Each structure stands twice: as C-alpha cells, then as structure tokens.
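Let the sequences and hints guide you as you build the complete structure.
Protein chains in written order, with our numbering: chain E, 1 to 270; chain H, 1 to 257; chain C, 1 to 555; chain V, 1 to 196; chain L, 1 to 417.
Please keep in mind that the hints were generated in silico from the structure rather than gathered at the bench. Do not rely on the hints blindly, as some may be mistaken.
Over the 10 Å line for every Cβ pair with chain V, so calculated as not near, a few chain H residues [what the hints assert, rightly or not]: (1) A198; (2) T203; (3) F207; (4) H235.
In silico EDC-like links for lysine to aspartate or glutamate, alpha-carbon gap of 20 Å or less [unchecked claim]: (5) K174/V / D31/C; (6) K53/C / E64/V; (7) K61/V / E52/C.
With beta-carbon atoms standing in for the labels, derived distance ranges [what the hints assert, rightly or not]: (8) A155/E / S3/L: 36 to 46 Å; (9) T4/C / R14/L: 18 to 28 Å; (10) N110/E / P175/L: 30 to 40 Å; (11) R506/C / A211/H: 50 to 60 Å; (12) A63/E / V8/L: 27 to 37 Å; (13) P175/L / A63/E: 23 to 33 Å.
None of these values were measured; they are calculated from a predicted model. Heads up, the beta-carbon is just placed ideally off N, CA and C, and yes, glycines get one too.
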Amino acid sequence: MFPGVDGFHWTFGHIFFLSVFVAVALTILVTLALATLRTARDLRTGKAAGICWHADFGELPEAERRCRHELAGRVEHRTCPNAFDCRSCPDYARFADLAPTVEPRTYGMNYPGDRFYHRGHTWVRPETDGTFAVGLDDMAERIVGKPDTVELPAAGTEIELQGPAWKMSKNRQTIRVRAPLEGTVVATGGAGQGWYLKLRPRGQANLRHLLRGAEVPGWLAGELDRLQLQLTQPDSSPSLADGGILVSGLMDAMPKADWDAALAATFLEP
Amino acid sequence: MKARYGMAIDLDRCTGCGACMVACASENNVPRLPKATERTGITPMLVHPVSDGKTGVAFIPMPCMQCEDETPCVKVCPQQAVELDRATGIVMQMPQRCLGCRYCMTACPYHSRYFNWWDPAWPAGMERTLNPGVAVRMRGVVEKCNMCHARLHAAEDKAAEAGKRQIEAADYVPACVESCPTGAIRFGDLNDGASEVAKASRTPEAFRLLARLGTEPKIYYTSKRAWVRALAERHPAGEPSQPAAPVAAGGGEVKHG
Amino acid sequence: MIPTRRDLFAWGGGLAGGMLFTPVPWKVLDDVSIWSQNWPWIPQPARGPVEEKLSSCTLCPNACGMRVRMAAGSPVGLSGMAGHPVSRGALCPLGFGAHQLNWHPSRLRNPLHRGRKTSWEEATAAFRKALGEGPIAIIDGRTGRAASTVLERFAAAHGATYAAARTAEEKALGPYQRWTGVPTSSLGYDLENARTIVSFGAPLLDGWATPGRFTRLWSERAAGSSNPALRLIQVEPVQSRTAAFAWRWVNVRMGSESALASALARVLMEERLVTARGPMPSESVNELAGKTGLAAETIQSLARALVERGPVVAISAGDNPSVAALNVVLGAVGARGGILRRGGGTKSPVPVEALSGRMRAVLIDSTVPWEVRPNVDAEVFRFAAWHGGTTTADWLLPAPGFLEALTDVPTPPASAIETYAVATPLMAAEGSKDAARFLAEIDPAAGSLEDAIKARCEAIYHAGKGGLIGPEPQPVKGLASADKLYEALGNGAVWTGEAGTPGGLRCDLKEWPGPSAMESPAGWTDGWTAPVLPPLAAKLYRESDLRQAPARSDV
Amino acid sequence: MKMPRTSIFFGFGVLTALAAGWLVFPRALYERREQPFRFPHKTHAEKSGTSACNDCHTLGKDGEFAGIPKTKDCATCHADRMGSSPAEALLVDNYVKRGRETPWLVYSRQPANVRFSHAIHTRLAGMTCRDCHGAEGESDAVPVYEQNRISGYSRDIWGHSISRLRRAPGDGMKMSDCENCHRRHGVDAGCLGCHE
Amino acid sequence: MTSAATGVVMADRRLQVRGEARSSTARFALWLAPWVLLLALGIYAGGLCLYYGLNQTNMNNRFAFGLWIFLDLGIIALGAGAFFTGFLVYILGRTELKPVLNSAVVLGFICYSGAMAVLMIDVGQPLRAWFTFWHPNVHSMLTEVTFCITCYLLVLTLEYIPVVLRNRQLRKLPPFVVFEHRMHLLMPVLAGIGTLLSFFHQGSLGGLYGVLRGRPFAFRQGFAIWPSTFFLFILSAVAVGPSFLMLVTAAARKLTGRKLVPSNVFPRLGFISGVLLAAYVALKAVDTLIWLNVTSPAVGFAPWEYYAYKPFGTTLLFAEIVVFGLLPAVLLVQGRWLLPGAALACCGILLNRFVLTVQTLALPTLSFDPFLSYTPSWQEVASFGGVVAYGVILYSLSYRYLPLFPQSKEQTHVSGR
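Now the structure itself:
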C-alpha cells in the first residue's frame, strides 16, 4: 500500500483512494489529539472545575435553574443563562435594583444574615483577616446530622468554585461538597467548629454569585419542596407536613429513603 | 514474448471418465476431505454431466475459465490475492494472502473457485505423496485451477538451464490435459496462431461459456452438436423467449428451466 | 524516591511511545503476519530431488504403462506412458490416484485371523496343517505371471487344485476357447483394424479391457462425427456412457442380448448378407425380435449396417455364446479386425466357478477380486493389501500394496498384441508378503519370483522376437543378453511381441448355441473390481455427480 | 530549571523501550541452533583446487537446483577419515558410515509457496551466487543458524540487521528484496513468477 | 438478601443515571438474562466457527455468502440513523433532533461493531483481514467497505466515548468530564467525517453486488465508477435510519413506560424518513426498469427467469417496492401510523438486502446450473442471534447507566409537577 513497499506502483485509484483515506485518518487523529491536548491544558490551567460545573449545570432540569432574582421575586420567571455565576452576568445589575417581593422567612431553620449562601448548601462568612470561612448551612446540617467521617483538604490546596471542597460520609453514603468560591485553603475546621474551611480568595474577593437576603427564602422554599417530593414514597402518605420544621438528623430518621438521589439533588455532590 | 494460455475442450470427445479430475487433484495436492459434499469439496477441475432432456448426453469439464478481461475475481479481491498474470494470461490465486472473504466466489459466474472449508488432512503417511511443487492450502482460503503453473515453472527452469528464455510447448502441459484418455482437452498459447488451441478456437464449432458477460474466458469448447453449443448462454441471442432446453442431471434431480 | 501511580503511568507512556521507535512492534507484526500466512501445522510436501521412473500399473490386469514421478523417495504423481502399445499413454481415473492407495485407511497392516490380530508364524503353521490334511485349492486372479508359475508349481507339488478367476473380458472370449481349443489368454480383439464394432453391453468407453486402448481409438476415429471411420454400435438396456457416445445405441430389453445376436445372425444369413453357411438360430427373426422389444425391421436394418462397412466384430460383456456365434457368422473369428490368436498366453487353469463341495483350505491370491468367492466349504487364506469390506476369509494376510513389490505384468486381456513388463518396487512394503513368497517359504521348490521372471526373460530373449519400448527402444535381437532384457524391463521398458495375424484361428459352429445367462458388467469398475477406491477417486465420487451418469432410455 | 517529575519518568520509559527494543529484542527473537558440524567452505575450495560453487551445489539438467550435497557426494572423498578434525569425524561416523543425510539447517529456505529458480537467475540473468548468498564460500565455518521464534524463518530471510538499513549484499531475502531487485533490473515477474 | 446481592444492587444503583427512575436491579437482571444466554450461545457458536473453521456453517462453494452477509448489510443499513442524525443535527443544524442523538450514536455503534464481529467470523482467515490495509486492491468494493467501516467504527467509538464518560461514576473524575466537553465541541468534525465515510461505505456495500458482472441479477451499469446500487443503498439507508431510530426509541418507551423524547421528534423523523423513502422508491423503480429492459438482456439473461424460481417470484419485487416501499413512505409522510410505517420501512430495507445477497447467489448463472437453496446451520443462526442479543444488552446497559435521552429527566420533572 505504501510507496516503496512490495512492488507498489502509483495509479489514479491509489492516489484517489490513499488521499481520501489518509485525509480521513488524519482528521480523526487530529480531532482526537486536539481533544486530548485541550483537556490536558484545561486540567493544567484549572479550568476543569468550571467545565465540570457547566456540564452539570447543563443537565439540571429547568426548574432547578431559576435565577436568584426569580427566587427573590424581583422578576416573574427567569432561567439562569450563566451557570449561576452572577459575576459575569451582564443582566445582573438590571434586576438587582428591583425590590424583592418575597417575605423573609427561614422555615424554622437558622440562616443568619451575615453570611452568603451557595446553592450547594454552604455558607460563606468574610473573616476579619481577609479570609472567608465556609460551612454547611442549617438545612444540610439537619439532613446529614453528624457526619460519620469528614475528609478535608490540606492547607494550601487550591480549590475551585463549584469544584469539590470536602468530602463527608454518612450511613455509607458519600457526600461531596461543592466549593462556594475559589481560593487557597488556609485552615481547616470541622463539624465541631461550626466551619469547615477557611479560604484565602484568589485576587479580589467577589461574592456576587452567592445568595443573600430575600433570595434565601425563595431558594429554601424550593429546596424543601423538592426534598419533600423526593423523600415521599409514591405509595405512602406525606411524612413531612407543610409548614413543619425540618427535623435534625433526617438521614438517621429516614434510613430507607432514596438519599442517593436526594443528596445529589440537594446539591451536595459535584 | 507474451503468451496467453488457454484450452480448447472438445465436448464430443469427452466421455466424462473423470481422469482429469483425479489427475488434477493429485497434481495440486487437493486433500481428501471425508466430510465434503459436492458443494463443499475442492474440485479445481470439475466435469458437469448435462443432457438435452432426450438421449443427448455431454460432459463439460470446467477448470477456471481464466477470464482475460474484466476478470471478475481479480477485480473484487480486496487485497490482491488474485492476479491476472500479464506474461501468461493465467489468473492466479495466492492462498497465503487470501483472507477467505469469498467475494471472488460470488463474483465468479462459472463457480470455478473453491473454498477450503476444512483443514487439509491426509490419512497418516499419505503426506508423502504430496507433490513437492505445490504448496498445500490451509483452511479458510479460496483456491482454484491455476493451469498447473508449477509445471510452467519446471518448464522455465529446464529452458533456463539450456540457456533459453522460451519454454518448449511440450514441457508445459497441465495435468488434466495430460491425463485425458481421449485427448479432448487441448492446451496451448492462444497468441500463437499456429497452435492447436488457437486453431480450434477459431472454428465455427467453438464457443465459450457465458461469453456475453464480456469476461473473455480463455477456455474454449468445441462441439458439432448444436444443442451443446447452445449451452454457452442461458439465452442464445436472437431467441430470447426460448429457454435453453439443456438441464443439469445433478444429483438425480432434473430441473427444466 | 518511591514511584507513585502517576509516575508509573508516565513511565508506561514513555515505554509505549518509545517502543514505536524500536523494531519491536514492526518486526513482531511482520513475523506474526508471516506466521498467519504459513499455518505451520498444515502438511508440507517433502523436499527432495524429483525423478521420473517408468513402470506398469498393477491395479488391474490391464497393465497400463505408467510414468511415476518420485520426490524424496516417494511416488508423488502418476501419468500414462506415451507410446505404450496397448494403453497408449492413458490411465484410468483410478490409476491417477493409485499412488495414494498404500496409505488408504483400510490398508491391511498385519495378518488377521477371524478379525483378530495374529502373526505370520501362526498363519504359516495353520496353512501347513491344512496342507497336510488336504485337499486344498490355490486360486489365482491373473494367470500368466511369474507368481502364477510359483502358485501352479506349488499346487502341482502338493496335490492342490490350481484354479483361476477370470475377468469379464476373458469370460467373453470363453466360447472361442471352447470351440477352437485356443486358450483365452492367447486370444485378442483386433480393434485397431475394425471399422464397425457392435458391443453387447461391453463398457467400451468406460475402461473396458485396457482403458486407454479403445478410448484413444474412438476419439481418433469416431468422436464427434456423424459418419465416423469407426462405427460403434452399442446394444444395451440402459444409456451407459458408451451407449451415449455410440454411433448407434440399440436399446434392447434387459437380458435379451443373445436374442438380438441370434436375430442378427439369422437376418444376415437369410438375406445372404454374409457368405457363411452353417447352423442357424431355430427361432424366427420375429420371435427373437419380440424378445428384444425391437421391431423386426430395426433388426434387419441393423444387420445391414453391420456389413455395410467391414471389418466388423461383435463384443459381448461376458460369456455369451450367441454373440460369439454371430462373430462366426460375420466371419470375424481369425480375420483382420476381428478376433485373433496372438503369441504368448498360458493354458487356462480350472475356472474358479468349477470348484465346489468341501475342501480343507483355499488360498486366494491378492489378485483375485473381492467379490470372487469360491463356492467351497473350506478354511480360507486370503491375501490382500486392503480390506475389501466384509469377508468370509478366515485368514486375512497382508500382501504388498501398489508399487511395493516386484511383479511382472503379462499381456492384458483382449489385447491383439503380446506384451510383457516388470514392475519393480518403488516403495518399501513393511510386514507384507505376497502369496508366492508365502508358498515359496513353505516349499522352496516352488521357486522364487525373480527366477521365474528371469526365466521368462530368457525365453523371450531366445525367441528373439519383438522389441523394447520405453526409455531406450530397441529390438530384442539388439540386446546383449537375457540379463540385459531383465534389467531393461526393471527400468520400466515394455517388451512388445508381434501382433496376432489373421488366419491363425478357425472356428466352425456345430449347432447354434442356446441363450446364455448374460453376465453383464454394467459399471465403470465392474470389468475388474477395485479392492478399495484410491482416496482421490473416492473424493471424486462424493464431490461430483459425475458417477451418477445420465442413465435414461427414451427410445 | 527543574525537570518535572513526570517528564523524568516518561523519559526513563522511552530509554527503557529503546534499550529493550534495539538490544534485547533482536537476541530474544531468534533461537540459535547449531549446525550438525563445522563445515569449512574455504578448506574445501583450497583442497579441491576449485572455488566454483556449482561443483558441489549443482544444477540439474532439468534446471532443478540440487542444493546441499548429499552424504554420498561427501563420501566420494570422506569415505573414511582423511584428517583429524572432529567435524570430519562426526561426518564420517554419524552420517557417511550410517548412510544418513546430514540434517543441515538451510539459511535461505523459503516457504513452500515460494518458487525460486536458480537456473533463471544464474544462467539467464548472469547473477553470481555471491549476489544473494554473500561470501559464504570463503568462510571457515558455517555460521550459527538463527531461527525466528514466531515465524520459524531463518534470520537470513529478514537479514542480519534488525533495522534492515545499510545491509550487505545478499543480506535479506524477503519478498520486498526480490521485488526491489526485480524493479531495479526492470524485470516484472508478477505474482505467478515466484509463487507456488 | 445476601450481602453480595446487596452489593450488586448498590453498585447498580450507583451507576445509574441519577434522578431518573430505573427498574429494580432484579427486574433488570431478569430482562437481561435471556439476552445474556443468547449472547453466550452466539459466542459459543462463533467460537466453534473460528476453531473448527467455516465447515460449521451450511455455506458452500456455490452459496459462498450466507445469513451473515445479510445480517451485515441489514444492520449496517439500519445503523445509518447514527450518521444521518449527526449530519442533520451538526451539519444542517436541526437541533430539534438532538434528543435522539445519543441514542442514535449508541445504535450506530451497536450495528457497526456487531457487523464487524460477524465479519470476523465470516472470513476464513480473520488474522489476515488487516492485509487489506497493506495490499489494498483499490478497484474492489470490499476494500472501500473495509476502509470505511473500520474508520467509521472508530468515529462511532469516538462519538460513543463521550456518552460513556457521562456515566455518573465516571464523571466524578474531572479529566473525563473535560475530555467529554472537548470532544463535544469537536463533534461537528466527527459528524462530518462520519457522514463522508458512511456515504462511501453504504454505497460500496451496494456496489459490492452491483459490480458483479458474473451475477446478472445484481449487476448494474455504472455511474462514473459506481453501479447504480451504490446510490440506491445510500438513499435507502439514509431513508430507513431515522425509521429504525424511531422504532427503537418507541420500543424503549414502551418497555420503560417513560416519555423519552419531546413529542415533536417522531413526526419530524417520520417525515424525513418518508420523503427520502419516497425518493428511493421512485429511483429504485426506474433502476429496476432499466435493468430489466437493458442491462440484463445485454448479457444474455432474460428478465423473467430471475423470478421463475420459488420462492423468489415477482411478488418479492412487488413487496419490496410497493408494500415495503411506497406504503411506508406514504404513512411516514402524512404523519399518522408512524410506527407501523417505520416498521414496514425497516422490513423493506431488510428485504432489499436479502434479495441482493441471498437471491443473487441462489439464481443459476450457467445454462446447466441448478437453482440452489441453502439453510443456515444452527451455528450461523446462533451467531446471528448473538449479535442481536449483543445489541439489546448494550442498548439496555447504555439506557440504564448513560444519559441516552438527556431531556428525559426534564420530561419527568415537568410531568411530575
């Protein structure tokens, strides 16, 4: 087949055939090589977490992609076009000035106003030393209760927004917590301390993408709603009455429930 | 000097004794396959009995037709295991390169190609009778008549020893030709106008099978009987509505087309 | 430094990448492809020098001249010997594959006693015992050989009956022997000079007598012609191969060949188409025609066709006195193109059919066809190279196979010319012994094969007639000694005597013979019987429908 | 600049591959098989006073090449020991006296489907033995036979150089070698010319 | 329940697409069990053929191709949905078909890899199959088929890999997600290449028989270097690919009881399929007429004789063109009876491939040839069944563990509310 091998001689058929074949083979190889190289580059430049998040975001049902301004009742209906990263949202300013229409309420849970909330059920609290403390929010704590194990990143680890922050396990169920912002881990806490990580942000800290104020009740309402739906067996009566207060240690209380799906939907897993 | 080897088979002389088939199988190390049937055996030379449906009987020895033009098997082989030799006009099959796809067999209108459905095997000790000039084919490849070209090689060697480039015609005779007790199969160079085959091929009694397909087979048949000549085509030109009467007497089944 | 998993991956990546720049993948690919092309486990032909030897085929009595291609000391191909006076360069389909016969699965490898393995010693002891108790018979399949001399001599010395099985061709000549006293082995058909041949069921184109002899003649003088130089008229109830290609095929009722022969003779004499006078068939033409299923007119026109172009000869498939009588009427006995007396031949021994009753033992030579079973109640010592299927033999004794032993080949049956050849062993015969050697070991006075062949050579040499064909053709008179003749024959030469001449045979009918039980060989191999089919011929049977020849009778 | 750890391991992998592929592999691939005994072509040429190969490696009348002489040819001189070499002793005792053929391993043996005509190449094309077989005729001992463990071929078919680069004349007898020579000389044999 | 069984159930759950209801492990195992048995039997039969040689089949010198070649041609035609959907989505920008794209890719991969596996059993010397790449005869249609199918199987694998990487467990590893993302961005290139390759090999599969001068039943005169069957095969494969996709999706919908794709997808697929099928039927009719009246008589074969042997009568021709051609085309275009129409179209393509393979070989060529019949051996049928089982199993696994219908989650949610 190749010139110089076993009495090869050129004919029109060979030229045509070989050029087509070589072109096809090259294109396939180049495509594969490009994808591999770009993957390597993305991994090296830390774009991986973002890409993963975008992939995950793309698979969210539309109901889960509601804009924070809808949660706060500033607009009737809006789906987030920006993968929940309001820092780069061109329309953020347009809606931010509108007045929220949602009553502030926390459904009996503890959501202090000094913090910023991530849809992965973490909070972020600016510390005086310029770092940010990160912890699980009350709903997550009520669901998980006391985790069996906690696996925290070492100090100095770079973590990415929406990337994995730390891992916990409860009742043989692994829970991976998404990072609410990017930065370097400077200290690690734990369930006892009330916070899990202290991060030094990369560059100028910008928390615009995190929920706060009137957005929180709207978001919590949806989360509770969904949790109820998910934990309700199709053939059983509702076990979590509307308006009730989420019990603490729900995972222990309802060991038979589909926690795999519930936790994933509750965003605790990247 | 290019040769174009061909045969002229006189169907009026062939009595269907089968000597050509045995001689061919012996010459070409065709294995005896205990489980082979008439449709899975290897018969590079095969004699077909035919009848005109009345008392007329003929036997048609069919080796590979060595098609000269648009050679169906050569065109379709995906990996050049079949070649039309330019110096001799012999269509040769190279079993060692064949992958056994059998596309050439479907392409051949003469069914002159045979697949090795079984491993070649001989009763213990009988390998000693294998002809040293011909390599045994393995299972899973296609083979066919190649005009005993091991004999051509021997003739070339002999000529070369004498310092000649041209072989003596008498030194190269395929096994079937040599074995025919009635001399029905004649062999020679069709390019040599004086050769017996070339002369026979030009007679009005000469015909080739399925010549209208345009494959230019180099095996000519001759017969003085019109019904035998009509076997050449399924439908002789000019009488398209009349099916050729001859039918095969295959396996006792008689079918009228 | 402990390598991490990541390090191992990096190392593996480097290894894989680096391998591409070494010969490993490419050379291994090349070698594996060579391996896959050669399939090292398939049988390989032996390598070695190729040489060609001349010999004679000993499968059947027809003694076709044969070229044997030998490689690495084994025969690897057979072909006809061009210029052979009788077989004329042809071999039958079985002959082309005969060199494989010795490895046939049913080859006899050691003596068997009623199916149980035994030894030559036991067989010899048993035969000695039987010989002592008597009476015994020794049956030969091909008379006139050196081995026959040994068998006959042994029989004579020990009071045994020496009997012989005859081929269909010899049986067909039986009536002439009875009428003229000339043994069948001295009679032959002068086919080469006949211009009309009427065959009563003889499979002329199917290997009758010597396969190449008639087929060559037919293809040269008759094939494809509507007015052939040689007219072949085939009388047969089915359309055999011969009937299909005959000039005329006379489709008679089964078993009515004698009637047709008689009717033809009657027409010939009544219409004075022949000069012969003598006894006539008692029945009228019409009565006879009724038996054959043919119209009387057909028979009359056939009779005219017979004498239209002479010489004419009638050939029967077996012992058919009516056909022989027709030959007498046609004047074909002792005439050119008819039945001739030639040189050579031996006195016909007792035919095997004549044996009957109770005997102590029967020894059967390996040349006797399997289906010949003497009608005697005796302990049977059967020599054979191959199992012939079921057998009633008590002792099966392995004889040398094809081309494994020294043997001579006398004139084939029905030949018009006398020939003599010798087949020397081209292969080793392990553990086998032919009947002549077996008997010679019991009684050395019976003599050896070599001596008998040499004696025959001596006789030919002293007669000084004929000549040798083969590697170096020359007349017998040109040879220096009888030993030279022996040597030349051993190298594959064939001695050819003089052809029979007209006039040496005279036959007058006393009365018209009655109808005979026709012994008609109908098949390809029935003239003689192959012990087993050569593997390639067996393959042919299975893989082509050739042997199921068109057999139709539409007349 | 500090080399990244991964690159060091990668490079080490490449080096391992190169070493294994070029140094170990060619030795591992071939099985070395000794010939039955030492045969000095040189001595025979000197003693017999002729260096023509075809005095012993003859070409028959029918153009068939006889190849290696048979024991009976050796026996014309070596019916009994002529000298004191152990090789000759082996020949005489093991082969000549017992009438056996010497099981020589043939360096240039091709598979059964290959046909090579010595007659055409020497008589018509005027090639010399040396063109393909090299200077074997001047050697003092026949070399060790190396057999490919996968294909079963002699090493001489691929050629001694594993890369098939810069080979001596006659080194390598693959189909492409035949074809390249044929192309150089403008001889087209087709497949049929050399196969089966 | 034993702990091992619990482990299996847990592993099964963990691999499943999250947030979508899947049947229980036991039910799924029950569904797979017969197919696994069939696959095992198929592998055993294929192994017999590889070990003992093709004497295990009932093919013979006169019927050198058998059931398997029909299978190859059939499933490759049905698998055309993969390249054609990719072409429609990526090249023509018909994004409304995106919901079935993953499913189409998996189907294509199944069909092509299945065909390849059977081809490897079907050839006598599978170890030598790659020689085609080293010594290609560029005039042979089979060379083109070999090259294109190999390349296209590679392309399909590259298209399938991203779908596999979206498995829940695999996507936990960021490199896989990133690679999938990068491949996804390059997918139009692969779709383009796939289209080119498919075009050529669907065509060359048609040409495979069309060039057989010695088989006047299949022989067609060429357009440029290709016989007309080259183009008819492309057109028919393209026409029936969407139909098969629709059928399989409908079957999955029926079996899972879930609405997998938006409701506008089927009518769209049906319409495309129908229009192309109509065009194919028209061209096929023209081609048949030309062949009957010109091509075939020119080489000495009268048209009537092809249909003189039962069961290959003219009814077969009628069925191929009208019952399985025109009728489904009408059904698909007008939009009702979509599934029966699609089923008829698929049967039509299978019938066409059957006619071109089996009938072509069965018909005599020489004047003294008998008509031949052939019954596949159990080994052939079992291998055939093995390929079908392989397809069902791979599709089931893909459905269970991979997001074949990415939109289906949304469908569930919408319907759940």
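Verification of the supplied hints:
1. A198: Holds, since 21 Å exceeds 10 Å.
2. T203: 30 Å, holds
3. F207: Holds: least Cβ distance 27 Å, greater than 10 Å.
4. H235: Answer for H235/H: holds, closest chain V Cβ roughly 35 Å.
5. K174/V / D31/C: The hint holds at about 12 Å.
6. K53/C / E64/V: 17 Å, holds
7. K61/V / E52/C: Answer holds: K61/V to E52/C is near 13 Å, not above 20 Å.
8. A155/E / S3/L: 36 to 46 Å: Cβ of A155/E to Cβ of S3/L: about 39 Å, so the range 36 to 46 Å holds.
9. T4/C / R14/L: 18 to 28 Å: 27 Å, holds
10. N110/E / P175/L: 30 to 40 Å: 39 Å, holds
11. R506/C / A211/H: 50 to 60 Å: 59 Å, holds
12. A63/E / V8/L: 27 to 37 Å: The hinted range 27 to 37 Å holds for A63/E and V8/L, with Cβ atoms some 33 Å apart.
13. P175/L / A63/E: 23 to 33 Å: 31 Å, holds
In summary, this structure violates none of the numbered hints.
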